[in-house]
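Residue numbers (this note's numbering), protein chains in the order written: chain A, 15 to 263; chain B, 15 to 263; chain C, 15 to 263; chain D, 15 to 263.
Check the hints yourself; a few may be wrong.
If several chains are the same, the list does not tell them apart, and a pair holds so long as it fits within one copy or across any two.
[Stated by the list, open to error] Below, simulated SDA-like cross-link-like pairs (lysine to any residue); rule was C-alpha separation at most 25 angstroms, straight line:
#: 1; residue 1: Lys146; residue 2: Glu75
#: 2; residue 1: Lys53; residue 2: Glu17
#: 3; residue 1: Lys53; residue 2: Ala77
#: 4; residue 1: Lys146; residue 2: Leu261
#: 5; residue 1: Lys136; residue 2: Pro255
#: 6; residue 1: Lys136; residue 2: Ile254
#: 7; residue 1: Lys136; residue 2: Gly161
#: 8; residue 1: Lys31; residue 2: Glu70
#: 9; residue 1: Lys136; residue 2: Val256
#: 10; residue 1: Lys123; residue 2: Asn253
#: 11; residue 1: Lys231; residue 2: Pro244
#: 12; residue 1: Lys53; residue 2: Ala76
#: 13; residue 1: Lys123; residue 2: Ser134
#: 14; residue 1: Lys126; residue 2: Asn253
#: 15; residue 1: Lys136; residue 2: Pro169
#: 16; residue 1: Lys231; residue 2: Arg60
#: 17; residue 1: Lys53; residue 2: Pro255
#: 18; residue 1: Lys94; residue 2: Val36
#: 19; residue 1: Lys98; residue 2: Asp142
#: 20; residue 1: Lys94; residue 2: Arg127
#: 21; residue 1: Lys90; residue 2: Lys136
#: 22; residue 1: Lys231; residue 2: Leu249
#: 23; residue 1: Lys31; residue 2: Leu52
#: 24; residue 1: Lys123; residue 2: Asp109
It is worth saying that the hints were derived from the structure and are not from the lab.
4 protein chains.
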Amino acid sequence: MAEGIRVTVWNEGVHEKGNARVRQVYPKGMGWQIAHYLKKQPRIARVRVAELSDPEQGLSEAALKQTDVMTWWGHKAHDKVLDKFVDRVHARVLDGMGLVVLHSGHYSKIFKRLMGTTCSLKWREWQDVGEKERLWVVDPAHPIAEGLPEYFELPNTEMYGEHFDIPAPEQLVLISWFQGGEVFRSGCCWHRGKGKIFYFRPGHETFPIYHNDLALKVIYNGIRWTAPTPATGPLRRTNIPVPLEPLDQ
Amino acid sequence: MAEGIRVTVWNEGVHEKGNARVRQVYPKGMGWQIAHYLKKQPRIARVRVAELSDPEQGLSEAALKQTDVMTWWGHKAHDKVLDKFVDRVHARVLDGMGLVVLHSGHYSKIFKRLMGTTCSLKWREWQDVGEKERLWVVDPAHPIAEGLPEYFELPNTEMYGEHFDIPAPEQLVLISWFQGGEVFRSGCCWHRGKGKIFYFRPGHETFPIYHNDLALKVIYNGIRWTAPTPATGPLRRTNIPVPLEPLDQ
Amino acid sequence: MAEGIRVTVWNEGVHEKGNARVRQVYPKGMGWQIAHYLKKQPRIARVRVAELSDPEQGLSEAALKQTDVMTWWGHKAHDKVLDKFVDRVHARVLDGMGLVVLHSGHYSKIFKRLMGTTCSLKWREWQDVGEKERLWVVDPAHPIAEGLPEYFELPNTEMYGEHFDIPAPEQLVLISWFQGGEVFRSGCCWHRGKGKIFYFRPGHETFPIYHNDLALKVIYNGIRWTAPTPATGPLRRTNIPVPLEPLDQ
Amino acid sequence: MAEGIRVTVWNEGVHEKGNARVRQVYPKGMGWQIAHYLKKQPRIARVRVAELSDPEQGLSEAALKQTDVMTWWGHKAHDKVLDKFVDRVHARVLDGMGLVVLHSGHYSKIFKRLMGTTCSLKWREWQDVGEKERLWVVDPAHPIAEGLPEYFELPNTEMYGEHFDIPAPEQLVLISWFQGGEVFRSGCCWHRGKGKIFYFRPGHETFPIYHNDLALKVIYNGIRWTAPTPATGPLRRTNIPVPLEPLDQ
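Sequences and hints are given; from them, build the entire structure.
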């Protein structure tokens, strides 16, 4: 950690292969685009892109061990991620690995597992152009708000609307306004075990959200916030046969 | 609801069958003991005991439909509860049914599913006599603290100690002090979907915890707090093709 | 409490006196309008209107003692409320009295005292007609959401926008969307001492917000949620010279 | 911030002057002792000790402007701190300055102002020797838990017991167990405005708490966690006469 954060950008990578329009926006894949940005930021030690089509779906034990924070983007193939790998990522998060879940990743197995709810929501893609989203900072003290203006806009987005079926965020940083009439809790923080989780709403396979500097900045801030708390002692969760204090009875 | 809360006391019911000492404390079963108390309380419309050995493990669709709040006690046979019934209870909680999880129920499938964490903890049973537990009210404004003194004691208990691997309680009502040197978050509240969940630590199969009036009172308060919020409109979580507001672009 | 909730509707009552347009909307005063609605609801034992021009500004010791929940509306004369009465209301809330703060009451002395922040926000009144507000339920399990649809609309409102400088709500029930481009945390819950506080955004002296059935329903739900938890034992906050446990050293 | 955190250790400094036993434990003052430790830590740019007897009570505008995080220790002279300086510190915290409140600082004007409650609690000093305190980590993901074991002990302490009359901590990191039978929420986090606040229970004028490495480490971790989030844009809290979106009505 002192030497910087090791990031794995996990990207489903299915859209990019089959869809010319997606390739136009993300010629080298959405994962590459995010990784390319991250590599230029301070405090980032290493960025690796992993995809569903990689060996062990990009989620080998060795890879996870060397990951401080994982970002997760999936959309069409959530069900293809094998349960044994979801178990592995789940255990790694509870053991301290940060997880930044992006946009349609709200329906990924790993996010639903960690939340314990359906993670369902409303959505709308309006006539190929989408609609305007304005993200308001509601917790300016939060590290994820670092360097953000009081709000920022994304001109063409897919709408996500409430009710978003998640546990109440432990810290709520951003709320979105949508032109079509909805609101959404768009920047949400949780602790789970020794790990931290950040959900960030914006993203899309054809709207160029991850070309927007402020959207990328929020992802970067989320990575720093979810980075592990180093060297917390082992937590024994076990039978403790001998009391710490004498029990003379 | 106006007519009162319909409670299902779900009890694993395994200990009671095989162990004479347990039968001494709970001759008709632990479920019967809790139900017997609840039936005498105001605002309770009906109490039913359900056990693992019942048809459909006591968790039929019909039974769940007629349950406003379920209390859950299990210990030895968590793994025997079939996943399809866990799915069913999970969906019912997200749709509004209250859930009061008792003591060793922290390791039940349904609680772990709803929490998204391991729900592990430390524990100790000291030489058949256990040790003293003192439960302190830390949120006196909370309905679950109704009628409680600033603390109450259980003279002989199994210890549960931190770290308790749960999501931070949305409301923390009780913290336990243990004679042997540990503390524990013993009264914990969460919302999940339309449902409310209360975890209450005290309980045991041979220490007569559910003969203690204040422990029973907390369970009763928990039932009232987790009772469903009636008649909230349906929450559509779906594609919304037509915007609420006109989008002329 | 078993016999119902005793409500005091505290109303500044200044606008109504000097402004013909306000009198058109609230001929008997805004307090009367809210009280009139509340009196017809179940579980309400008694409703009293108190105003700034009353003896002791409507906040006598006797009146407070007989109040389970107080609603608070002020706008033009926050500074006229004497500190000694603010001290009194503050102490009563910490001792269990519920407080429902309405709209421009966000800038009242009592709300700022309880929050510890500036409670400032953005606002806009658009050309006498205002703008549309749509309130979304984000916590459908919460008692304050009882009976609400997934969202409801107020066609003509004054806008309130983020950043709203409050402590993060312990439970966030409603988020508002405004036609002009803002969002707002409009239904916010906190515990303070033995008391509960609910802030509800909608309201205005000339837009007829408190003639809207759903706005009134939220106020009523807020009153039930903030009603005191009865009979919690006295909380000693004092020197405890003798340990509960023997300390032989 | 990139260059490190500028800390002001505010110390009442009254005990040290009048009491030989205090001087034995803290010969150069308690503030000096904390500052001495902090100066050796990474990411700390500058440490200054300020005392009640300093000009402007150590709280000049210039000093506050150059402070990123202030630690606060007071005990005997809370009332001596002038309201105008409390106003100033309050405004600075809401504008982003971190505040770490230590032990008896729970009764300081600034802490009560920020919390909005009485901040009262139970306490006991047992026969000059005090009693054992054991602090348990309950949120191992939190940055303030960095490097801590699952619990740590202070052999001789003044007891602080619940109910502690504070707003529920937004994040609860530590719970104390006391030998005499009490528990306490000992490491508590809040956001207020753009600022962050950490309350840490341990401390005393004659028990040598701030000679304990782990107690000092928690203070240091608290300073890092409360350090300001840099460069968040100005938050306008004002009338916004022109809507962001066109309102044609």
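> What are the numbers of the hints the structure violates, in ascending order?
Replying inline: 1, 17 and 19
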